[in-house]
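Given the coordinates of chain A, assemble chain B onto it according to the supplied hints.
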Amino acid sequence: MKRSLFLVCLLTLLVLAGGCGKAKTTTTPAATKAQKEPYTIGAILDTSGPAASLGEPERDTLQMVVEELNAKGGIDGHPVELILLDNKSSESEAVLAAKRLVNEDKVLAIIGCSQTGTSLAIVDTVTKAQVPMISVASSAKIVTPPSERRWIFKTTQNNEIVAQKMIAYLKQKGIKDVAVLSVNNAYGRDGAGTFIELAAKNGINVVLHEKFEATDTDMTAQLAKVKASPAKATAVFAIPPAASIVTKNFRDLGLQMPLLHCHGIGNKKFLELAGDAANGVVAPMGKLLVAEQLPDNDPQKQVLLKFIADYQKKYHVRPTTFSGHAYDAFYLLVNAIKQAGPDRAKIRDALEQTTGFVGVSGVFNMSAQDHSGLGEDAMVLVEVKDGKWHLLQ
Amino acid sequence: MGTESQYIQYLLSGLTTGSIYALIALALVVTFNITGIFNLAIGEFVTIGALTAVSLLHAGLPATLSYCIAVLVAGLVGALVERATIHPARNASVLSLIIITIAVSIVLRGAALLIWKTYPYTLPPFVTAPPLRLLGASLVPQSLFILGLAVVAVSLLFIFFEFTYTGKAVRAAMMNQTAARLVGINPGRLSLFAFTFSGAIAALAGIFITPITMATYDMGFMLGLKGFVAAILGGVTNATGAIIGGILLGVLEAFAAGMVSSGLKDAIAMVVMIAVLLTRPTGILGSTRNSA
Chain A
1 MKRSLFLVCL LTLLVLAGGC GKAKTTTTPA ATKAQKEPYT IGAILDTSGP AASLGEPERD
61 TLQMVVEELN AKGGIDGHPV ELILLDNKSS ESEAVLAAKR LVNEDKVLAI IGCSQTGTSL
121 AIVDTVTKAQ VPMISVASSA KIVTPPSERR WIFKTTQNNE IVAQKMIAYL KQKGIKDVAV
181 LSVNNAYGRD GAGTFIELAA KNGINVVLHE KFEATDTDMT AQLAKVKASP AKATAVFAIP
241 PAASIVTKNF RDLGLQMPLL HCHGIGNKKF LELAGDAANG VVAPMGKLLV AEQLPDNDPQ
301 KQVLLKFIAD YQKKYHVRPT TFSGHAYDAF YLLVNAIKQA GPDRAKIRDA LEQTTGFVGV
361 SGVFNMSAQD HSGLGEDAMV LVEVKDGKWH LLQ
Chain B
1 MGTESQYIQY LLSGLTTGSI YALIALALVV TFNITGIFNL AIGEFVTIGA LTAVSLLHAG
61 LPATLSYCIA VLVAGLVGAL VERATIHPAR NASVLSLIII TIAVSIVLRG AALLIWKTYP
121 YTLPPFVTAP PLRLLGASLV PQSLFILGLA VVAVSLLFIF FEFTYTGKAV RAAMMNQTAA
181 RLVGINPGRL SLFAFTFSGA IAALAGIFIT PITMATYDMG FMLGLKGFVA AILGGVTNAT
241 GAIIGGILLG VLEAFAAGMV SSGLKDAIAM VVMIAVLLTR PTGILGSTRN SA
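The listed protein sequences derive, respectively, from chains A and B.
Under the working numbering, the first residue of the first sequence carries the number 1, and numbering increases by one thereafter.
Under the working numbering, the first residue of the second sequence carries the number 1, and numbering increases by one thereafter.
Read the hints as simulated data drawn from the structure, not as lab findings.
No experiment lies behind these values; they were computed from the predicted model shown.
Even glycine gets a Cβ: it sits at the ideal position worked out from N, Cα and C.
One should not assume that every hint holds.
Restraint ranges, calculated between C-beta atoms of paired labels, are given here [unchecked claim]: (1) B:Ala275 - A:Lys388: 46 to 56 angstroms; (2) A:His316 - B:Leu80: 30 to 40 angstroms; (3) A:Met257 - B:Leu80: 48 to 58 angstroms; (4) A:Thr127 - B:Thr3: 52 to 62 angstroms; (5) B:Leu132 - A:Leu305: 18 to 28 angstroms; (6) A:Asn185 - B:Thr3: 41 to 51 angstroms; (7) A:Gln302 - B:Val271: 34 to 44 angstroms; (8) A:Asp276 - B:Ala179: 51 to 61 angstroms; (9) A:Asn279 - B:Met259: 29 to 39 angstroms; (10) A:Lys268 - B:Ala59: 46 to 56 angstroms; (11) A:Gly193 - B:Ala275: 27 to 37 angstroms; (12) A:Lys128 - B:Leu277: 14 to 24 angstroms; (13) A:Gly193 - B:Ala59: 37 to 47 angstroms; (14) B:Phe160 - A:Lys268: 39 to 49 angstroms.
Which chain B residues stay away from chain A? Per the calculated CB distances, all over 10 angstroms, these [what the hints assert, rightly or not]: (15) Leu12; (16) Ala63; (17) Leu65; (18) Thr85; (19) Pro88; (20) Phe161; (21) Met219.
Just chain A, same shape as in the assembly (with noise of 0.2 angstroms):
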């Protein structure tokens, strides 16, 4: 009896295995003559369900990359093999991944997830086995305390550098009363918490904070309060389509206050179903957005044109903030590896001592106190002109 327990428990584990590898890819060198043992490197994204729009890009822009690094002799002759698992988008898929990577395919290091949930589910696996992981997700949570997340790494800007920026315009234009509106899910709490808490230290009133969901489709009652408040300007944490939304209800009920964005609406969609309602909002942006108006000396210009030209001829789309996180993961990556040799502790040491590291989501200086890196100079104000977006000096 308790044999054939055994045995169903077993089985059971197989298909759950095999389950997990049909979703694996794998990238196999390009130069397929190359005399030394690859490097692994997995990767865990959210390239398909829900979160799929953050995924597919990340996924686009990795097998790039690979075929890009291993066409020019890998790192020091070593071509990398990279294990491209899919979590659909799911916490349990995510962990089952890791486990994978860790256990059977002994990768060096993995990049992922997409989002901040399973960014944080894989956490523990990744630390118990001591493998150092570079998260494309944006809460500061994946990163914090340091002192417990000596593992974990991520190359996508703080809420608090969205923070800054947004009040450096307020200051700029002299507003001291603001509204604010978030989405009533993690992303808004998160953005709208950071806002608040350094409005305050700066000086600046949030007279009112409004909130709704992210299947909303209309926010005038929100907005009519906002009308009826002593606010200059107002603050909207969301991504499209409520952020979408949430503009047009903004120009219908006519108010004329400036209208500020997180960098959630920094895509091309959030234009598209905005429409003309999107003229003259103002949000703080990676560079990659606008990377042919920035200024020559500025130091990532170079990388974000390279970058777009070579996406722009392989997938014949520009690339998204998405892909750029992806792209600085493998390179930090990369450079590490180079420093330290196929050993996960030293890849791990040689992240942490990264500085003046050039990325497209900004320069990073990792320390052990920030394993983000990026500064306020990652990001840039933007305004919607004639549904496009231009640089604000």
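For chain B alone, kept in the frame of chain A given last:
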């Protein structure tokens, strides 16, 4: 903006959202009236209508033609769903049939995800005019179209149920299937008609609301749920009740968001539904006659 115009604004925005809920409730009520079951996949037909219209429009077809085809497609999907899932199980219990519609909604949502991915889409408004100003509040012209559609749809349904032979046959089949069959009414064909027709209404609603609400593959779930609450509020057998229930729910939500807390909006809708079910289980306009 003074307090009064603020209230008028809540009322107007509630009317818009409310007519959306009303249209979906209407589609639910039609199916319920004919087949005695709730088609819980109704929200997905809103999605299919809206997104098919978007795709056709992007493919270069003129707007009116794309909308008509989208409505036809949704009706066809409705017919297909009825023949493939409801008809073979027609002798099963009502509960089983309702569970089948839940399964259908999951399948349709999955298919929509594969076809249209997770991106949001929109349609241009029917007329491009600045928002109307009313005592300091504003209303977008598209809202008037949605309100109009709700009124037209309910009037046509009223005429259909009260004054046409088929309408009467439908009501007879609902009251007593065996007796209706004895006098020559085919309940199987009526069920097919119900699913096709409600699918088309839902798709029409989807096309009308997309310029305001945008459309995503998963828009149907919450809309279906709100439509369900609206139908319960108004009394599940009554088309006029569905309209009143929907508008009441929309207005309540808008006032709740404006005056209490925007975070609690959805909770308030559910609390109202429970309160109505406890005090007046047949809904506000529901007749006392039992649907069983």
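Right, here's what the structure says about each hint:
| no. | hint | in the structure |
| --- | --- | --- |
| 1 | B:Ala275 - A:Lys388: 46 to 56 angstroms | holds (50 angstroms) |
| 2 | A:His316 - B:Leu80: 30 to 40 angstroms | holds (36 angstroms) |
| 3 | A:Met257 - B:Leu80: 48 to 58 angstroms | holds (50 angstroms) |
| 4 | A:Thr127 - B:Thr3: 52 to 62 angstroms | holds (54 angstroms) |
| 5 | B:Leu132 - A:Leu305: 18 to 28 angstroms | violated (47 angstroms) |
| 6 | A:Asn185 - B:Thr3: 41 to 51 angstroms | violated (31 angstroms) |
| 7 | A:Gln302 - B:Val271: 34 to 44 angstroms | violated (58 angstroms) |
| 8 | A:Asp276 - B:Ala179: 51 to 61 angstroms | holds (59 angstroms) |
| 9 | A:Asn279 - B:Met259: 29 to 39 angstroms | holds (32 angstroms) |
| 10 | A:Lys268 - B:Ala59: 46 to 56 angstroms | violated (19 angstroms) |
| 11 | A:Gly193 - B:Ala275: 27 to 37 angstroms | holds (34 angstroms) |
| 12 | A:Lys128 - B:Leu277: 14 to 24 angstroms | violated (49 angstroms) |
| 13 | A:Gly193 - B:Ala59: 37 to 47 angstroms | holds (43 angstroms) |
| 14 | B:Phe160 - A:Lys268: 39 to 49 angstroms | holds (45 angstroms) |
| 15 | Leu12 | violated (8 angstroms) |
| 16 | Ala63 | holds (16 angstroms) |
| 17 | Leu65 | holds (22 angstroms) |
| 18 | Thr85 | holds (25 angstroms) |
| 19 | Pro88 | holds (31 angstroms) |
| 20 | Phe161 | holds (30 angstroms) |
| 21 | Met219 | violated (7 angstroms) |
Taken one by one, the earlier hints fail for this structure at numbers 5, 6, 7, 10, 12, 15, 21, listed in ascending order.
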